[in-house]
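A.B. asks: Chains U and B, in that order, are what the protein sequence lines are.
My numbering puts the first residue of the first sequence at 29, with every later residue one more than the last.
My numbering puts the first residue of the second sequence at 29, with every later residue one more than the last.
Do not take every clue at face value.
[Claimed, not checked] Cut-off 25 Å, straight-line C-alpha distance, at most; resulting in silico cross-link-like pairs (BS3-like, lysine-lysine):
1. B/Lys369 <-> B/Lys217
2. U/Lys53 <-> B/Lys289
3. U/Lys53 <-> B/Lys203
4. U/Lys45 <-> B/Lys289
5. U/Lys57 <-> B/Lys57
6. B/Lys117 <-> B/Lys53
7. U/Lys189 <-> U/Lys148
8. B/Lys203 <-> U/Lys203
I should point out that these hints are in silico values taken from the structure, not numbers from a laboratory.
Treat the numbers as computed from the prediction; the structure is a model and nothing was measured.
There are 2 protein chains.
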Amino acid sequence: MLGNFTYCNPTKLYFGKDALDGLSKELPKYGKNILLVYGGGSIKKNGIYDKVIKILKANGKEIFEDGGVMPNPTIEKVHEGVARAKAAKADFILAVGGGSVCDYAKALSVSIHCKGDIWKKYFIDFEEPTCELVPVGCVLTMVGTGSEMNGGSVITNHAEKLKIGHVFGEEVYPKFSILNPEFTYTLPKYQMVAGIFDIMSHILEQYFSGTDDNTSDYVAEGLLRSLIHSAEIAVVDPNNYDARSNIMWTATWALNTLIAKGKTTDWMVHMLGQAVGAHTDATHGMTLSAVSIPYYRYILPYGLDKFVRYAVNVWGVNPAGKTDEETANAGLDAMQAWMEKTGLVMNISELGATEETIEGIAKSTLVMDGGYKVLDAKEIKSILKASL
Amino acid sequence: MLGNFTYCNPTKLYFGKDALDGLSKELPKYGKNILLVYGGGSIKKNGIYDKVIKILKANGKEIFEDGGVMPNPTIEKVHEGVARAKAAKADFILAVGGGSVCDYAKALSVSIHCKGDIWKKYFIDFEEPTCELVPVGCVLTMVGTGSEMNGGSVITNHAEKLKIGHVFGEEVYPKFSILNPEFTYTLPKYQMVAGIFDIMSHILEQYFSGTDDNTSDYVAEGLLRSLIHSAEIAVVDPNNYDARSNIMWTATWALNTLIAKGKTTDWMVHMLGQAVGAHTDATHGMTLSAVSIPYYRYILPYGLDKFVRYAVNVWGVNPAGKTDEETANAGLDAMQAWMEKTGLVMNISELGATEETIEGIAKSTLVMDGGYKVLDAKEIKSILKASL
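Just chain U, same shape as in the assembly (with noise of 0.2 Å):
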């Protein structure tokens, strides 16, 4: 454990089937007009919305409707909200969705008193907010993002072919959230899925950095190893509690920086994913697994010793009588087998890349110098080229 940092996690969160009692709790300490803020419609057709509804009228509160958030939210549906928010005089934003709902939410939270161009503020500046910030509370409808337990803001421009991702402090972090895995029940296998491969995603990007031995590594392994087993058992029985909860629990934990702390990451397959959305609009986990296994392939060389550990530790492959390049790329053999067999998008194409759109999707992934390996513009084509 390297470095020198700061760990603060503030958010509080009520985690099981009765979890949304935990809202009655908390709605009182915050003011009457509720912004509730959701995505488009799946709450109202699995009673979500109605149990939410009558939470926040039994607390009195004055509610305020933001719905139709759309999975890769916008920029313009931000100025859309942080209008209506205004208009409501929103004491609090109550987010009801997925990850991209969460986010949204926060983009909110930092815009509603905010002066100036919100975009080049947040996404291209990368500033901190100043102003008065609107605080925030999420019910969790989706898992993946990691959104609901940390400070993370996605938000896609489209007229720029940007998706942009700024990480917020903690006084942007959700004041709670609410985390019933039977809410996620309802959810497409193909979202479940994607939500899978995101959380893994983000063990990957913050593992796949660095030297030195760390503890935040050892925990990432644990991580991934309960991730991969409780994946084997959703995808097959997708109502399985104990899967679908231990899916939910691991997505909080795999990005709310505490597998980063003391160390690098990495953060270039989500780089390359977001660009492809950005392109595509294609769902967001979808494009991370579709360009991961040809990104790990061509940085392996670069980290050797830790795709070795990978191998080992996570995925079991038995190091005797190979080279180390043997065990490692069995490790990726093992990860692309499981990934194939858990139904993800494997290649680019299938989320409606080409040949010609190639070189825009090049030019809109934003290079990071965290991992094993920092992309030129030639490395970054080839690999979109792979994932094709």
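Given the coordinates of chain U, work out where chain B should sit on it, guided by the hints.
C.D. replies: Then chain B, alone, in the frame of chain U:
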């Protein structure tokens, strides 16, 4: 992952070689009168006391000292500290020391404005505080108890031969803790090693319980592997920053509630060890090491599957060609060999316990019901005898 739970851990951690810089960021949030709590005076020899005093003065604080906190802080000392804190009109308690000093500071926090018999209220009846609390911050100089990021407070009552821990709620957690691994370098090896086993025991107490598949157990395995690895380095090279910092970070996460979430826990080794401690005043971690192997050998048949998992996932035992009992015992063999190599006390006679004191120690042992076997009085005596 089963059951409903809440998770909230608001303690802010400053970690690393520059961690003490965090003190100046935190102090302005609190009032002028600081009760500075510390132990036997080692912080005056190693310079930490001077550094802290300088920062307190630079922040314009009025300092009231309460030194001499013993390794097993007594209820008499708590009463004395309460009187000092009242006289000082303490706005904040700064604990500089190990877990005992943090535990003591938390006991003061809940007692200064409390009416009635503190021992009975908190350590016999386990009531929650209803009085105004005096906030606590920690500068950690010894690693093991995890007290820096939880609500635990273990206090000894010599008159009643009892050593009892109360785990208070999040409002009693330290507001911040300063974790500089270098501050632990001057600790004698005996104390360092005792702390390492205290960490291991915390993890095992939460691991050896329940039969469900659970993310918490995977994270526990990761923490154990990191601890075992770093301890092997630290025992040979105590000033190895990587090893000492990994151990410090593992200690915090071993007992800040995370790895107990959604599962049952045991804590019987701590009950046995605390009873030994109440009768011998021995170092906490060594009372745990001295009873662990006999306890785990005894309960192994009742939790066989978990002991097999422990052997394979934590100690790398190859189960091929072995019965489950053989695999499980091979895990405990590996643990025992590692403990001996680490320099841990392996029997309670070395701590001052005798055949004649067994009866009294057994009587002081609280019985927990979360482990694989609820012990009766005869079994407790038998395990203590096997620990002699």
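A.B. asks: Going straight from one Cα to the other, do B/Lys203 and U/Lys203 come out at no more than 25 Å?
C.D. replies: Distance ~17 Å between B/Lys203 and U/Lys203 Cα, so the pair holds.
A.B. asks: Does U/Lys57 pair with B/Lys57 here, judged by a C-alpha cut-off of 25 Å?
C.D. replies: 22 Å, holds
A.B. asks: Given the hinted pair B/Lys117 and B/Lys53, is their alpha-carbon gap at most 25 Å?
C.D. replies: OK: B/Lys117 and B/Lys53 at ~23 Å, within 25 Å.
A.B. asks: Would you check the hint for U/Lys53 and B/Lys203, treating anything up to 25 Å between C-alpha atoms as holding?
C.D. replies: 22 Å, holds
A.B. asks: Could you grab the alpha-carbon distance between U/Lys45 and B/Lys289 and see if it respects the 25 Å cut-off?
C.D. replies: It holds: about 14 Å lies between the C-alpha atoms, which stays within 25 Å.
A.B. asks: Would you check the hint for U/Lys189 and U/Lys148, treating anything up to 25 Å between C-alpha atoms as holding?
C.D. replies: Holds, because 14 Å separates the two Cα atoms, which is no more than 25 Å.
A.B. asks: Next pair to validate is B/Lys369 with B/Lys217; report whether the Cα-Cα distance is within 25 Å.
C.D. replies: 13 Å, holds
A.B. asks: Is the Cα-Cα distance between U/Lys53 and B/Lys289 25 Å or less?
C.D. replies: Given that 25 Å is the threshold and the Cα spacing comes to 20 Å, the pair holds.
The earlier numbered hints are all upheld by this structure, with none contradicted.
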